[in-house]
Amino acid sequence: MAALSLMPKEYKFFDLFNKEAENVYLASRYFNELVTKGDFNEDTVAKMHKLEREGDIISHEISDVLNKTFITPFDREDIFLLSNNLDNVLDAIDAITKRMGLYKLTTPDNYMKQFAVVIEQSCAALVDAVKCLDNTKNRTRIREYCLEINRLENVGDQLRENAISDLFEKVKDPIVIIKWKEMYETAEGTVDSCEHAAKTIQSILVKQG
Amino acid sequence: MAALSLMPKEYKFFDLFNKEAENVYLASRYFNELVTKGDFNEDTVAKMHKLEREGDIISHEISDVLNKTFITPFDREDIFLLSNNLDNVLDAIDAITKRMGLYKLTTPDNYMKQFAVVIEQSCAALVDAVKCLDNTKNRTRIREYCLEINRLENVGDQLRENAISDLFEKVKDPIVIIKWKEMYETAEGTVDSCEHAAKTIQSILVKQG
Amino acid sequence: MAALSLMPKEYKFFDLFNKEAENVYLASRYFNELVTKGDFNEDTVAKMHKLEREGDIISHEISDVLNKTFITPFDREDIFLLSNNLDNVLDAIDAITKRMGLYKLTTPDNYMKQFAVVIEQSCAALVDAVKCLDNTKNRTRIREYCLEINRLENVGDQLRENAISDLFEKVKDPIVIIKWKEMYETAEGTVDSCEHAAKTIQSILVKQG
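Protein chains in written order, with our numbering: chain A, 1 to 209; chain B, 1 to 209; chain C, 1 to 209.
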């Protein structure tokens, strides 16, 4: 705890990143819950959007601290980028929730249920990777979390292929195809956005040599 | 004007950025005009594309000056990135214009009219932010313009949600749905591309500490 | 060859980049072959995916060498970014191949044939640009290759416009429209991803001043 008083600003950044990442994870868990229950309505969409607004507040807080701090634990622009990346994951989860509501897709199919699990697992690994950023000794563990996110991205990719293949084979109504195709692609894009954040984390490690 | 002779290269960059941003704004204003009149035809699409070509020329000029200049007002790669970001906004406006012509959507609906206003406002704020870049004292004003662009991006987001919701409720022809859905998404993507440029500007400020 | 023993690590990076770029080119040539023959089936899709996996291995190797190397020929984060960009081109070619198979589009039309040529040419210019990175004297040649990639991106853009225009005019089945529209857009996106890699290369040159 002594270190905390020696470099409070650094700790502030790590605290805020942890807070931002945990908020993303909460959103992913809530999304999984909604998919399991098929519970996309005005109230649940609004509740998800509240999480998204909270993420925005944390992201702006990071920006503010950055503007008032001279020495940062890693490159200023990377702090900004990582915070943006985490925000993008949250935006993606919020967007897919809104669209499920808008399209009135109240009975998520088996593919969407699998996607929700992959998204939650990916966000969990992201939280873990972010938590390790405060100590260079965690290098190897961070790389493992990033590899796990990479693995989940491949799972998401295959899931989308199978889902879309099935969709075109079983559904004949083009409007239904348009809706579900977009949902599968947005779900896969959400897993992708986790990988983008992981790549920024890896790039930060790479810079530290 | 004394300063101009002291650091002509710096002024050159700011002049070119202003020129590039103003060209983007001209395109956004012209797009708004076309949407208001429902005037998408071979001639107007060609006139928009001429603006896009002019933007390319300015962007290449920035690249050229960059290759011949040793000291730059901010990081070389950020000059390159910001110029690319402005070019992306212009490309997006040109692309949506082309597509309106290609799809023969000569009677833009109320949503597209609102989008055209949001895009023009967003480009206007971008021009203002870019104009302030030549003086670190403008920091607060730049942040305000970026916040405004951020606000407009949220407006665009909501607009797209409403537009697509209405589309699926009122239109039954899947081909018409495909066309307008794409237009709304491209319009929202154009507002997004303004936000990307704003984020680069904020990242430049952040680096300056 | 003396230089090789003086700075083996540098050469290692250039070797790996050449290897990664050449693998991307192989994929683009194979894609062109498949389009010409209309030969999208389980076997050919699997063979393309094998190339994609090989690219991943090279990309991870670059990452590993980067983590073990202190002095690098250009900024660490740019090595990471360029390798990612090349990987994105490969991913795009693999994705479009998979999707052609999934949609059972075994008779590629004339537009797709033109796209396959543009993609192959673009990847060829990318290999050439990457090969030149080991010597600052190649600056002008690199810029020419990047301009060529830029030109091909414009060709791809026009190709997509023509293809989609034709599609909506000649085809009435919305499901067929959905499939081919996506293919044309993905093909154009592949040419785009070559341009992203070219922009990273140009940004590296720009940094070197």
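These are calculated hints, taken from the structure and not from any lab test. Be aware that one or more of the hints could be misleading.
Identical chains blur together in the list; that is why a pair holds if it fits in one copy or across any two.
[Said to hold, decoys possible] Keeping only pairs whose Cα atoms sit at most 25 Å apart, straight-line, the calculated SDA-like set for lysine to any residue is:
no. : residue 1 : residue 2
1   : K50       : P73
2   : K131      : S165
3   : K68       : N138
4   : K172      : L16
5   : K131      : Q158
6   : K172      : T69
7   : K98       : K131
8   : K50       : D75
9   : K19       : K199
10  : K131      : H196
11  : K113      : A124
12  : K47       : K104
13  : K207      : T136
14  : K207      : F70
15  : K181      : R160
16  : K199      : V65
17  : K12       : G189
18  : K137      : K179
19  : K207      : N67
20  : K47       : D157
21  : K181      : P108
22  : K47       : I175
23  : K19       : K170
24  : K68       : N150
For each hint, the structure was consulted:
1. K50 to P73: neither (30 Å within a copy, 40 Å between copies)
2. K131 to S165: This pair counts as neither: shortest intra-copy Cα distance 38 Å, inter-copy 39 Å.
3. K68 to N138: Between copies only: 16 Å across chains, 28 Å inside a chain, cut-off 25 Å.
4. K172 to L16: For K172 and L16, the Cα distance exceeds 25 Å both inside one copy (48 Å) and across copies (47 Å).
5. K131 to Q158: Neither. Shortest intra-copy (29 Å) and inter-copy (33 Å) distances fail the 25 Å Cα cut-off.
6. K172 to T69: For K172 and T69, the Cα distance exceeds 25 Å both inside one copy (58 Å) and across copies (55 Å).
7. K98 to K131: neither (29 Å within a copy, 37 Å between copies)
8. K50 to D75: Result: close neither inside a copy nor across copies, 30 Å intra and 37 Å inter.
9. K19 to K199: Answer is both: 20 Å inside a copy and 22 Å across each meet the 25 Å cutoff.
10. K131 to H196: Answer is within; shortest intra-copy Cα gap is 17 Å, inter-copy 27 Å.
11. K113 to A124: Within one copy only: 17 Å inside a chain, 42 Å across chains, cut-off 25 Å.
12. K47 to K104: Classified as within; 17 Å inside a copy, 40 Å across copies.
13. K207 to T136: This pair counts as both: shortest intra-copy Cα distance 12 Å, inter-copy 23 Å.
14. K207 to F70: Both: 19 Å inside a copy, 10 Å across copies.
15. K181 to R160: Both ways: K181 and R160 sit 9 Å apart in one copy and 18 Å across, limit 25 Å.
16. K199 to V65: both (23 Å within a copy, 16 Å between copies)
17. K12 to G189: neither (30 Å within a copy, 34 Å between copies)
18. K137 to K179: For K137 and K179, neither the intra-copy (46 Å) nor the inter-copy (49 Å) Cα distance is at most 25 Å.
19. K207 to N67: Both, since 22 Å and 9 Å are each at most 25 Å.
20. K47 to D157: between (28 Å within a copy, 18 Å between copies)
21. K181 to P108: Answer is both: 13 Å inside a copy and 22 Å across each meet the 25 Å cutoff.
22. K47 to I175: So K47 and I175 fail the 25 Å test inside a copy (28 Å) and across (34 Å) alike.
23. K19 to K170: Neither, since 43 Å and 42 Å both go past 25 Å.
24. K68 to N150: Between copies only: 21 Å across chains, 35 Å inside a chain, cut-off 25 Å.
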